[in-house]
Amino acid sequence: MRLKLESRGQHSVLWTFASPLLAMALTIITAGVIFALMGHDPGSALYTFLVAPLVSASGLSELCVKAAPLILIAVGLSLGFRANVWNIGAEGQFTLGAIFAGGLALHVGDGGGWWAFPAMILLGALGGMVWAGIPALLRVCFNASEILTSLMLTYVAQLLLIYLVTGPWKDPEGYGFPQTAMFGEAALVPILVPETRLHLGVLAALAVALLGWLILSKSLLGFQLRVVGLAPRAAAFAGFSQRRLIWLSLMLGGGLAGLAGMFEVSGPIGQLTPAISPGYGFTAIIVAFLGRLHPVGVVLAGLILALSYLGGEAAQIDLGLPNAVTGIFQGVLLFYLLASDVLILYRPRISFAGRKASERKLADGSAA
Amino acid sequence: MTGDEILPPTGKGPATATSLGFESALLRLTAISKRFPGCLANDAVDLVIQPGEIHALLGENGAGKSTLVKIIYGVQQPDQGEIIWQGQPVRIGNPAQARQLGIGMVFQHFSLFESLTVAENIALGINDAALRRGLAGRIAEISEAYGLPLDPQRAVHDLSVGERQRIEIVRCLLQNPKLLIMDEPTSVLTPQEVERLFTTLRRLASEGCAILYISHKLEEIRSLCRHATIMRQGRVVAECDPRVETAEHLAELMIGSRVASARRTAVVAGEAAARLKVDHLSLRSDEKFGIDLKDVSFMVKSGEILGIAGVAGNGQGELMAALSGEVRLADAGAIRINGTAVGLAGPAGRRRLKAAFVPEERNGHGAVGPLPLDENAFLSGYATRNLAPGGLINVTRMRDFAGRIIGAFDVRCRGVQSEARSLSGGNLQKFIVGREILQEPDLLIVAQPTWGVDAGAAAAIHQALLDLAAKGAAVVIISQDLDEILAVCHQIAVINLGRLSVPRPVQSISIEEIGLLMGGIHDSADHNSADSAGTLPKPLAEDGERAAQA
Chain P
1385 MRLKLESRGQ
1395 HSVLWTFASP
1405 LLAMALTIIT
1415 AGVIFALMGH
1425 DPGSALYTFL
1435 VAPLVSASGL
1445 SELCVKAAPL
1455 ILIAVGLSLG
1465 FRANVWNIGA
1475 EGQFTLGAIF
1485 AGGLALHVGD
1495 GGGWWAFPAM
1505 ILLGALGGMV
1515 WAGIPALLRV
1525 CFNASEILTS
1535 LMLTYVAQLL
1545 LIYLVTGPWK
1555 DPEGYGFPQT
1565 AMFGEAALVP
1575 ILVPETRLHL
1585 GVLAALAVAL
1595 LGWLILSKSL
1605 LGFQLRVVGL
1615 APRAAAFAGF
1625 SQRRLIWLSL
1635 MLGGGLAGLA
1645 GMFEVSGPIG
1655 QLTPAISPGY
1665 GFTAIIVAFL
1675 GRLHPVGVVL
1685 AGLILALSYL
1695 GGEAAQIDLG
1705 LPNAVTGIFQ
1715 GVLLFYLLAS
1725 DVLILYRPRI
1735 SFAGRKASER
1745 KLADGSAA
Chain W
6 MTGDEILPPT
16 GKGPATATSL
26 GFESALLRLT
36 AISKRFPGCL
46 ANDAVDLVIQ
56 PGEIHALLGE
66 NGAGKSTLVK
76 IIYGVQQPDQ
86 GEIIWQGQPV
96 RIGNPAQARQ
106 LGIGMVFQHF
116 SLFESLTVAE
126 NIALGINDAA
136 LRRGLAGRIA
146 EISEAYGLPL
156 DPQRAVHDLS
166 VGERQRIEIV
176 RCLLQNPKLL
186 IMDEPTSVLT
196 PQEVERLFTT
206 LRRLASEGCA
216 ILYISHKLEE
226 IRSLCRHATI
236 MRQGRVVAEC
246 DPRVETAEHL
256 AELMIGSRVA
266 SARRTAVVAG
276 EAAARLKVDH
286 LSLRSDEKFG
296 IDLKDVSFMV
306 KSGEILGIAG
316 VAGNGQGELM
326 AALSGEVRLA
336 DAGAIRINGT
346 AVGLAGPAGR
356 RRLKAAFVPE
366 ERNGHGAVGP
376 LPLDENAFLS
386 GYATRNLAPG
396 GLINVTRMRD
406 FAGRIIGAFD
416 VRCRGVQSEA
426 RSLSGGNLQK
436 FIVGREILQE
446 PDLLIVAQPT
456 WGVDAGAAAA
466 IHQALLDLAA
476 KGAAVVIISQ
486 DLDEILAVCH
496 QIAVINLGRL
506 SVPRPVQSIS
516 IEEIGLLMGG
526 IHDSADHNSA
536 DSAGTLPKPL
546 AEDGERAAQA
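Chains P and W are the protein sequences, given in the same order.
Using our numbering, read the first sequence as starting at 1385 and increasing by one per residue.
Using our numbering, read the second sequence as starting at 6 and increasing by one per residue.
These are computed hints drawn from the structure, not numbers from a lab.
Be aware that a few hints might be false.
Said to hold, decoys possible - The list that follows gives simulated cross-link-like pairs (lysine to any residue, SDA-like), each with its CA atoms no further than 25 Å apart:
| no. | chain 1 | residue 1 | chain 2 | residue 2 |
| --- | --- | --- | --- | --- |
| 1 | P | Lys1388 | W | Val80 |
| 2 | W | Lys282 | W | Ala335 |
| 3 | P | Lys1388 | W | Phe41 |
| 4 | W | Lys359 | P | Leu1604 |
All values derive from a computational prediction rather than experimental measurement.
Chain P with its partners taken away, still in its complex shape (with noise of 0.2 Å):
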């Protein structure tokens, strides 16, 4: 028996939107079996890590909390990546995002008025603009990959985070501890709902994939990135600018990305801390992907991957499991996805002939 795969000739509309969901339902299996052979019964696992975290409506808001900057960073990402710009540092322009905002937020400290908020919102997105302008920059003049120069960046963030709230900025009063002081009242995000956490991040997530959806499928500007990226001598036939392009794509990334850093910090945490993100940046990418580079597709996949912490953090309290799982199973998400995108440009034939050398060379020749 052999496995062969043949060319469709044309991508497959019905695997597109399948393949994701093939990949959810392999994931789960794995973890199934993970969890068994890690001595759990699979059936109560899986409900402890995929189900429980949203029977409450506290596990609901704090869902939508945790999709919010996925889904913000993944939609500028979406938009790069439809481009071929890959933009994989959104860490560390959401690291500079809450840098920039966290910065003013302790400049004004308890004092500061209404207009302390909206301008952390604006040195968010500047922040992460900022960090990524630099990749853009090497990629526009010397050709540099921005795979490399973004992803390499995410360190220097991270290092330059941890020397800020070690040194200057860490607070007096803090028992030595690596944090800054907690922001003041003007500089938190607002609260939706009373009694949530649910913060006006998660609206503008909502906002900004609408948004994208509009830019992507109705505006001149979503045209030039779809055809610079399925075509790039189309374009330039067009006369779209690449480098223009790539400037774009890598603002609306960075600029999305430390928008997501400011409400992290501003909302849920309060106060700059080495750990500000459980890697919300790289799970971005999977998020993108998973909602096939389409914003829409993107806020279901953001509360998928937001499921995946909740369930980690769940998984650790009541069975006792590793956090680690939650990486475990982006991993193999990403993994199964990858594989089971193959089958939009290909079909799967299960062959049972023999193996009889003439036959063989014969299926090799047809095969090339």
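Given chain P, work out where chain W should sit, using these hints.
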């Protein structure tokens, strides 16, 4: 050779292979079929080749010729059918087996390493170390014997396309083939090089080597071949002796219907407005083996069609990029469209001055394959047709524009939502040309308008270009198809190594002169080369090239 003798019975029994009269055949294909996803490329094809005959395989693009020869050369395996080589049924699993049998093939696209020498390139294809010894001597011997002058020590990147083709031919001849397959060999040659190639092929045939000659050029086949198999839509539709058929009849057999050929209108009056003026345009190429444009000057007036002829790879791509604005110039005044200096402007800026462009590559350059036709209409039409007012796509207007193109240019497709790559080459080309013409340009620059396009679509495209010029637009056609230029254009210029000859009316220039220009021998403008060309006609293309380079 009469038809009766060749037409084989289509019976499937093994008896046919041994029936009298066929056992002398070198190669016999019986009922070969090959299916690809979505198309039946070969449908029960029969073919018989006798030793020492020059056999034409004639058909339009997509008729199944390439698939059939790939099956003979072992690149592809038939789904059904039988291959009999010298009376024995064989399975040709790969090209190496084909070469062992004595089958050689010269592909349309050469597989040569630019930075290696001729001898090194040939040695790469020979696995037997013993055979590699003394190779340079044997190359010289064979190239001498068959009139294929080649210096084994020269690097390939210095060679003309014609010389590169000779490497491929010599590479085949070293194996003493009994059958040589040539795939569209003349599309990259000057008329003089074509004549020389034919001499070589006739010589080979007289020594008993059969030649399977693939082409869609009817006149060539009539002068070279004594037997033709004509294919259409994967089937053999006719066998004939091309020497006794008219070109018109061959075309009818090939296309399946009569095609009205386009005819140019009268030459324009002298006082028309200059639409495009190129003034001392020089441009260094960024590509590794690219061609620099050197001091190119020409002018095209309203109502005029200028053809730019030349062998592939002599700067056509670079010229097109400079004219369309995909590559910007340092000197704004080197190109003027409707009087405005546009050297610094990009494609969109030039379109706003009522210029339009059709690049050579359809998929990925002129159109985006995975996008639907309406978005491909938008690709170049968004600015001139105001399809995105305020930066938002107006879907109604975009679809309407695409629909008008499809209607006006008879584009066969399922609708404006069909993906561009789902269209045949001819239909997609009609769509792209139509898209540019419906933007009502004052200047249209087209590269290879009918490359790989079926004859019906080619005639429609030619007619559209003529109509556009008749309405007062200037048209520039950059083409390697000399017949096309001679049929459609008023003026002709020839590009060679990045230099453009002075445009001349097509009526006042002979094929021989064009051929010499294509080979790099320029007229009176260049005194040195005129001196060295004084001993014409003996030193041909390459010598002239060297003189021009010096």
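Okay, the hints, checked on the actual structure:
The straight-line distance between the Cα atoms of P:Lys1388 and W:Val80 is roughly 19 Å, inside the 25 Å bound, and the hint therefore holds. Between the alpha carbons of W:Lys282 and W:Ala335 the distance comes to roughly 16 Å, so the proposed pair stays at or under 25 Å and holds. Our distance criterion of 25 Å between C-alpha atoms is met by P:Lys1388 and W:Phe41, whose separation comes to about 15 Å. Of the supplied pair hints, the one linking W:Lys359 and P:Leu1604 holds, its CA atoms being roughly 21 Å apart against a limit of 25 Å.
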